[in-house]
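A.B. asks: In case you want the letters, here they are:
Protein chains: 4
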Amino acid sequence: MKFVFDRVNLKALTKELVALRRDLHRYPESGWTEYRTTVRLLEELETLGVPVRFGEEIHHRVTMYGLPDEKYDRDCYQRVLQECGREDLLSKMKGGFTGCVAEIEGAHPGPVVAFRMDIDCNDVGETQDVGHFPVREGFQSLHPNLMHACGHDGHAAIGIGAIRLLLAYRDQIHGTVRIIFQPAEEGLRGAASITNSGALDGVDWIFGGHIGLKLNELGAVAASSRGFLASTKFDVTFKGRAAHAGASPEMGHNALAAASTAVLNLLAIPRHSGGSSRINIGTLHGGTGRNVIPEEAVMTLETRGLTTEINEYMSAAAERVCKSAAAMYECGYESRFMGAAGCAVCDPELVGRVIRSLKTVEGISRIEEDFDFAGGEDFTTMMSRVQSKGGKATEMVFGCPIKAPHHNGFFDFDEQVIPLAAQAVAKIVLDLCSESDAK
Amino acid sequence: MKFVFDRVNLKALTKELVALRRDLHRYPESGWTEYRTTVRLLEELETLGVPVRFGEEIHHRVTMYGLPDEKYDRDCYQRVLQECGREDLLSKMKGGFTGCVAEIEGAHPGPVVAFRMDIDCNDVGETQDVGHFPVREGFQSLHPNLMHACGHDGHAAIGIGAIRLLLAYRDQIHGTVRIIFQPAEEGLRGAASITNSGALDGVDWIFGGHIGLKLNELGAVAASSRGFLASTKFDVTFKGRAAHAGASPEMGHNALAAASTAVLNLLAIPRHSGGSSRINIGTLHGGTGRNVIPEEAVMTLETRGLTTEINEYMSAAAERVCKSAAAMYECGYESRFMGAAGCAVCDPELVGRVIRSLKTVEGISRIEEDFDFAGGEDFTTMMSRVQSKGGKATEMVFGCPIKAPHHNGFFDFDEQVIPLAAQAVAKIVLDLCSESDAK
Amino acid sequence: MKFVFDRVNLKALTKELVALRRDLHRYPESGWTEYRTTVRLLEELETLGVPVRFGEEIHHRVTMYGLPDEKYDRDCYQRVLQECGREDLLSKMKGGFTGCVAEIEGAHPGPVVAFRMDIDCNDVGETQDVGHFPVREGFQSLHPNLMHACGHDGHAAIGIGAIRLLLAYRDQIHGTVRIIFQPAEEGLRGAASITNSGALDGVDWIFGGHIGLKLNELGAVAASSRGFLASTKFDVTFKGRAAHAGASPEMGHNALAAASTAVLNLLAIPRHSGGSSRINIGTLHGGTGRNVIPEEAVMTLETRGLTTEINEYMSAAAERVCKSAAAMYECGYESRFMGAAGCAVCDPELVGRVIRSLKTVEGISRIEEDFDFAGGEDFTTMMSRVQSKGGKATEMVFGCPIKAPHHNGFFDFDEQVIPLAAQAVAKIVLDLCSESDAK
Amino acid sequence: MKFVFDRVNLKALTKELVALRRDLHRYPESGWTEYRTTVRLLEELETLGVPVRFGEEIHHRVTMYGLPDEKYDRDCYQRVLQECGREDLLSKMKGGFTGCVAEIEGAHPGPVVAFRMDIDCNDVGETQDVGHFPVREGFQSLHPNLMHACGHDGHAAIGIGAIRLLLAYRDQIHGTVRIIFQPAEEGLRGAASITNSGALDGVDWIFGGHIGLKLNELGAVAASSRGFLASTKFDVTFKGRAAHAGASPEMGHNALAAASTAVLNLLAIPRHSGGSSRINIGTLHGGTGRNVIPEEAVMTLETRGLTTEINEYMSAAAERVCKSAAAMYECGYESRFMGAAGCAVCDPELVGRVIRSLKTVEGISRIEEDFDFAGGEDFTTMMSRVQSKGGKATEMVFGCPIKAPHHNGFFDFDEQVIPLAAQAVAKIVLDLCSESDAK
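Protein chains in written order, with the UniProt record's numbering: chain X, 1 to 439; chain W, 1 to 439; chain D, 1 to 439; chain P, 1 to 439.
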């Protein structure tokens with residue numbers, strides 16, 4: 001017989017979670033600038049009376065990869081300060097120390113169970129098309145070129161939803177529940193900082209989850225994932241020499257020509273017979289004026305590979321391509337590390353328990369054991385850390401219909417996944433913290 | 001015997017012109033946003049009591065090529081409004097109607113003699129190197145990524161200097177002197193608008209001038225130029241389709257790959273046996289985020305040719321390359337015309353007169369007849385208009401040592417060229433408006 | 001207990017098969033020109049008294065993909081005619097009708113069991129390095145730029161070996177054994193023609209096999225394979241316009257520039273998230289003289305994909321890239337289909353029987369069930385045909401150490417795999433044609 | 001009054017020269033393999049009784065740039081040996097020592113006057129179009145991919161024509177006339193070898209000439225040329241590593257990808273503001289088989305520049321591009337010098353005399369003084385040598401209508417230029433060797 005969260009008004013909860021998600025959707029914040037998002041979560045947790053840590057104490061300064069430039073950070077901070085006051089909270093986050101870690105102490109002793117939700121948005125502009133659901137309902141992004149196009153607004157709402165469900169059953173919890181609201185997942189940047197801060201110390205079980213992906217059916221849930229692509233993120237700068245394009249083109253060292261050569265040859269890095277590989281030059285900005293030979297070009301790129309070796313093959317080749325392209329145009333060349341994630345394998349023991357729990361959740365109609373994630377996810381950093389200390393980890397996927405691919409301006413997901421996933425998360429935690437296990 | 005402007009204190013004038021030039025250098029303004037520059041000139045002219053027209057009346061709205069985007073324009077306007085008040089003047093210029101046309105009525109009837117000075121800066125960042133003269137003297141650019149790196153600050157000062165010299169000899173002037181302070185020469189944008197407004201109507205003689213170029217010797221002056229490169233300026237936008245670079249790279253239509261392909265193949269357009277050709281992709285901006293297949297890329301480019309035919313060959317090839325590159329990646333493609341200039345030929349009659357005048361100017365040690373300009377200059381648009389109405393035109397070059405090529409962040413010129421060129425301009429005008437000619 | 005082919009002197013047989021293999025290695029012949037190879041096999045079969053069909057009767061003229069040009073074919077034919085006389089046999093093959101189909105009639109009625117061996121070489125030059133085994137033993141290729149670098153010389157010898165073993169046990173054979181020596185496997189060209197000729201009609205069981213690949217251990221055998229990459233082969237010709245590179249470069253339409261643009265952008269076709277994809281531009285030949293703008297460029301290319309869809313995605317993208325590159329340089333463009341193979345799935349029923357047989361073969365130490373072939377193989381065409389008529393098919397791999405990757409000039413394999421594979425093939429056939437099955 | 005060559009039947013001579021030209025056109029021979037052409041010229045000179053030197057004695061082995069490969073040379077030699085016997089002559093030329101130097105001793109002492117005609121063909125296939133004059137008249141090229149597409153067949157005929165005219169007036173010649181039939185002008189290869197052999201020693205006046213170019217009017221003749229482009233010819237080889245394109249693409253070092261990258265970036269070398277520049281990749285051959293990652297690619301290229309400096313700028317940039325492209329794909333890289341020519345300036349003194357002579361030639365209607373050659377011509381090597389010893393030199397152009405650009409398969413010129421140019425050459429020589437000058 002399926003478990004029902006009978007101590008909670010699920011209908012009312014759903015309404016509140018959807019409202020929360022839409023509010024976050026309206027104010028998307030890019031990695032390391034989730035000031036408003038974090039304030040919003042802190043206020044929710046405050047109301048619920050859940051203790052929470054945030055700011056520098058949950059971060060490791062040296063491994064805060066891919067921080068935005070200072071001016072951008074300052075502008076974001078100021079804007080949020082004006083929007084919501086709360087300098088008491090914000091001042092602790094200043095400089096990118098966003099996200100938070102909540103903790104529910106169960107009524108009885110037991111293991112430490114953690115789950116992680118990521119909260120940042122994408123650097124993508126949201127469509128203004130009237131057929132787009134957020135537009136129709138009036139909650140589309142208010143920030144140009146920023147959008148929750150990967151469902152992390154939903155993740156945050158699921159996290160709050162699970163907390164609310166768990167609080168109602170605290171008397172049955174044997175152990176401690178730690179909930180990590182992680183910043184800067186996009187770009188695989190935030191997990192290392194949280195992990196290295198010690199925020200995962202003592203965790204026995206940890207799981208994460210993502211909505212959508214290629215599991216586009218409500219009620220379908222994957223208990224574990226494989227195919228995490230190892231990934232490296234880096235920025236490359238070509239430094240050439242400007243010259244007047246009409247009067248002395250031969251005096252220039254064309255940084256944009258170097259970068260364009262790099263783009264084509266990066267995309268042309270041979271496929272690897274050992275498994276999936278990826279490369280993307282996400283952005284390129286070069287040149288100063290129409291009639292000036294471009295003296296600088298900057299690109300942001302990433303490589304991926306099914307294994308660490310394949311990813312290293314890709315990033316070594318990428319480095320070689322960029323270096324050679326720079327030399328071709330007598331340009332200087334700088335490469336700056338911006339983030340990375342490795343591969344990770346889900347623990348069968350935990351996966352088995354998750355499957356058993358999922359079978360008892362109302363609304364879950366299909367359980368997949370081994371979803372092909374086929375992408376990078378910096379949760380693997382957390383998984384590896386917990387596993388290295390003897391804990392167990394898995395990454396789930398909560399299926400739901402989506403309207404366009406992730407990271408696309410038309411992305412939209414079925415909000416019904418929020419309450420369903422919240423229940424699934426809560427049920428898994430309750431089962432892991434049940435009396436029998438605690439003994 | 002050489003002519004001496006004995007009614008003017010040349011030493012004092014020089015000091016003031018240098019101060020004016022440095023002030024303009026400190027506040028460089030890009031094409032169509034020369035609000036402060038224009039205010040500064042208007043105030044000078046006001047003080048001198050010279051009648052001046054400005055704002056919409058000297059522009060032709062439809063041919064104001066390559067206007068900046070509205071937000072940028074508004075921001076510039078607001079900043080200048082705060083800096084210098086003078087809403088009385090600024091409100092007339094709002095929307096890019098910068099520049100001005102002054103007119104000195106001589107004491108006697110005679111021809112209309114015009115000269116033109118351009119006043120805009122470059123989209124180039126100025127070096128902070130302590131060896132750079134403007135840095136050492138503390139007048140370097142206060143605006144990031146903007147710099148007077150082509151000497152138009154000097155041109156403006158020369159214009160004011162010539163006016164001051166001419167005013168002292170107004171009693172000897174037979175005719176009218178019209179001085180055009182033109183905006184947006186960079187990008188070959190501003191001349192068409194001024195010309196089409198009718199501001200050149202009635203002009204009998206017109207000349208322009210540029211400092212530096214490859215004539216790097218103080219005292220050397222070219223009375224005429226050849227080798228103007230015809231030029232076309234346009235912006236190209238590639239519109240692709242975003243997709244997650246890890247999860248579904250095959251779903252993307254990579255606008256940046258299209259643009260990079262275009263860059264290389266644009267530079268590879270075959271040289272033309274008929275004479276010089278040029279192409280430059282001055283800027284390229286593409287992509288939204290590191291892990292998103294770029295959905296848009298925008299480039300600003302220009303072609304040049306020794307003849308109109310060669311320039312048309314280049315721009316037709318460029319169009320074909322961009323179109324094909326877009327098709328290769330299933331991207332949409334838009335091309336937007338941003339400015340142009342043709343070729344023009346200096347009139348021997350006027351050149352002869354200029355040479356005769358130059359020979360009488362103290363400090364001019366060498367006169368070139370036929371300088372190879374080897375670049376684009378939208379003054380050719382004014383030349384062609386005046387010539388089509390029966391007037392005569394020439395473009396001069398005032399030699400001086402320069403520290404780095406034009407449009408380079410280290411550009412700097414010998415300020416002694418300012419008083420010298422001002423005297424040359426004034427002397428040419430005085431000779432063209434002398435009693436004997438007026439008859 | 002392991003089966004021993006006690007009616008045959010295995011030591012002597014091994015010696016003869018190795019000699020045959022080395023003879024074939026010395027005279028490698030490219031697809032559709034295996035004149036000497038076929039004559040050699042026909043003579044062996046004649047000696048053994050095995051009936052054999054060859055020439056036009058085993059081919060389907062319309063689907064003889066990727067035939068060489070007529071002159072090359074004629075030259076090969078003439079050379080072989082001079083080398084070995086046998087016009088009686090050769091005249092039937094003239095025009096590329098190479099390969100042969102042998103048939104052993106068992107003593108008793110039963111099913112038709114077929115196996116296929118490919119016999120063509122690669123367009124690769126063999127190393128002259130003294131450390132290279134064929135060089136040391138004096139049987140390296142006598143034909144420049146041709147080499148058995150994929151082990152098909154071994155395949156042919158295995159086929160003859162299996163026939164000799166089977167002939168010794170003909171009294172125990174219930175059914176018919178059909179052996180297909182197929183030409184032109186490289187380029188995935190020959191299988192279609194043989195298949196469409198009807199040569200597979202009536203086959204109940206069919207299997208093929210390849211030596212080496214990534215199974216580099218003698219005694220390891222794979223009973224079935226997956227991961228066949230669907231593939232399309234085509235040639236692309238760019239037709240431009242020649243011009244004098246010094247006197248009028250602008251008059252040329254540079255076919256080589258178009259081809260080079262195509263090369264880079266073909267390699268840059270995005271990876272597919274659905275599984276492996278491949279693209280290779282194997283050869284490019286362009287231009288006529290150093291100072292002439294190249295007027296023609298020809299490339300041979302191939303795409304591959306884990307599924308037919310992925311391969312079609314690749315070949316459609318390739319077509320688009322080439323077409324756009326041609327348009328970019330005002331070149332004409334022609335694409336010519338040269339061969340293809342689809343995907344295929346091995347039949348579990350046959351695979352199970354193969355595994356049982358392999359377990360009884362002396363020298364086989366490890367059996368893999370599901371080898372990742374990760375390449376194209378036109379045997380899939382035969383598999384699909386037999387399966388479509390209700391028969392069963394599988395593709396095996398006979399492991400052995402190799403000295404360099406397949407298709408490399410240093411390729412060499414351990415000849416001990418020949419007798420071992422011959423026994424494996426014979427034992428599988430004997431078991432499929434055993435009394436119990438025939439009933 | 002115009003001079004008439006009244007001692008010669010011009011109509012008959014024209015007929016014979018045209019026949020000679022058509023014979024040479026039918027058997028075009030590429031640089032350093034002009035065996036038949038040289039035999040043909042030697043036979044003509046033998047008949048005329050003109051002493052001639054040829055073979056090793058007129059060459060300088062070390063500077064015989066860009067020799068063909070030995071096999072090709074041997075094949076050409078053998079073919080000609082079969083065609084025309086004359087081993088007595090051919091054996092002296094074996095190994096590329098083609099061309100010859102004839103000498104007419106005048107009746108009186110005087111200066112040494114030399115003129116040079118080049119005799120090699122282009123690596124271009126001749127059209128088979130029935131509208132093409134050589135096809136219509138049945139004298140099109142019998143050698144595939146070889147064609148006299150630059151008029152050197154005409155040059156050779158003009159040389160013989162001039163000799164025949166001069167012989168008729170030997171009694172009036174004060175001095176010596178040296179006629180150089182130079183091989184391998186295409187690729188700028190042959191002049192250095194002839195020059196360094198000492199064949200020009202003692203020359204007081206030297207001139208060369210070309211038919212056609214952009215002077216497409218019969219009767220127009222240029223007495224001197226400017227705008228010779230300095231040029232460097234070299235071959236580049238990229239050495240990569242082969243691998244199976246399906247099984248292990250990541251193992252390959254793709255030489256063809258490196259070469260394609262080089263092609264685009266070579267064409268993209270910035271134009272030079274100092275004057276004309278050129279670059280051409282005339283041929284590219286890469287790869288061995290469709291499914292093999294290309295392990296080698298070879299390109300033949302050339303750079304040109306209006307000045308030696310510009311040419312050096314181009315070739316240095318080319319070297320850098322190729323080297324970087326090789327590094328990008330982990331390929332080895334070799335560059336081999338194949339030929340070169342510098343710039344040269346015609347001597348006004350000689351030009352003046354040529355003009356005076358031309359004015360007296362019947363049929364010459366227009367004389368240009370300063371033709372823009374806009375191309376490379378290795379005659380500049382001879383000019384520089386003669387000038388360095390105090391002699392005078394010029395390069396002429398004999399105008400005539402052409403049907404297609406030089407080096408194009410449809411190239412054809414008006415044969416009437418042959419007798420006209422022969423007379424012009426003869427008249428110039430006669431005037432330079434006239435009694436008055438000899439004193």
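FYI, nobody ran anything at the bench for these hints, they're computed from the structure.
Any given hint could turn out to be false.
Given that identical chains are not distinguished, each listed pair holds provided it fits within a single copy or across any two copies.
Calculated pairs, SDA-like style, for lysine to any residue (alpha carbon to alpha carbon, straight line, at most 25 angstroms) [what the hints assert, rightly or not]:
#1 K214 with A247
#2 K403 with L142
#3 K323 with G390
#4 K11 with M251
#5 K239 with Q128
#6 K71 with D370
#7 K239 with H285
#8 K94 with F133
#9 K239 with F410
#10 K359 with D370
#11 K71 with E44
#12 K323 with S335
#13 K71 with Q82
#14 K239 with F133
#15 K392 with E105
#16 K239 with H132
#17 K71 with K94
#18 K392 with H60
A.B. asks: Next step is simple, just say for each hint if it's right about the structure.
C.D. replies: Evaluation of the provided hints:
no. : hint           : verdict
1   : K214 with A247 : between (54 angstroms within a copy, 9 angstroms between copies)
2   : K403 with L142 : within (20 angstroms within a copy, 48 angstroms between copies)
3   : K323 with G390 : neither (42 angstroms within a copy, 51 angstroms between copies)
4   : K11 with M251  : neither (70 angstroms within a copy, 37 angstroms between copies)
5   : K239 with Q128 : between (37 angstroms within a copy, 17 angstroms between copies)
6   : K71 with D370  : neither (43 angstroms within a copy, 51 angstroms between copies)
7   : K239 with H285 : both (12 angstroms within a copy, 16 angstroms between copies)
8   : K94 with F133  : neither (34 angstroms within a copy, 39 angstroms between copies)
9   : K239 with F410 : between (36 angstroms within a copy, 15 angstroms between copies)
10  : K359 with D370 : within (16 angstroms within a copy, 32 angstroms between copies)
11  : K71 with E44   : neither (29 angstroms within a copy, 38 angstroms between copies)
12  : K323 with S335 : both (9 angstroms within a copy, 21 angstroms between copies)
13  : K71 with Q82   : both (17 angstroms within a copy, 23 angstroms between copies)
14  : K239 with F133 : between (44 angstroms within a copy, 23 angstroms between copies)
15  : K392 with E105 : within (20 angstroms within a copy, 62 angstroms between copies)
16  : K239 with H132 : between (42 angstroms within a copy, 20 angstroms between copies)
17  : K71 with K94   : within (12 angstroms within a copy, 29 angstroms between copies)
18  : K392 with H60  : within (23 angstroms within a copy, 61 angstroms between copies)
Taken one by one, the earlier hints fail for this structure at numbers 3, 4, 6, 8, 11, listed in ascending order.
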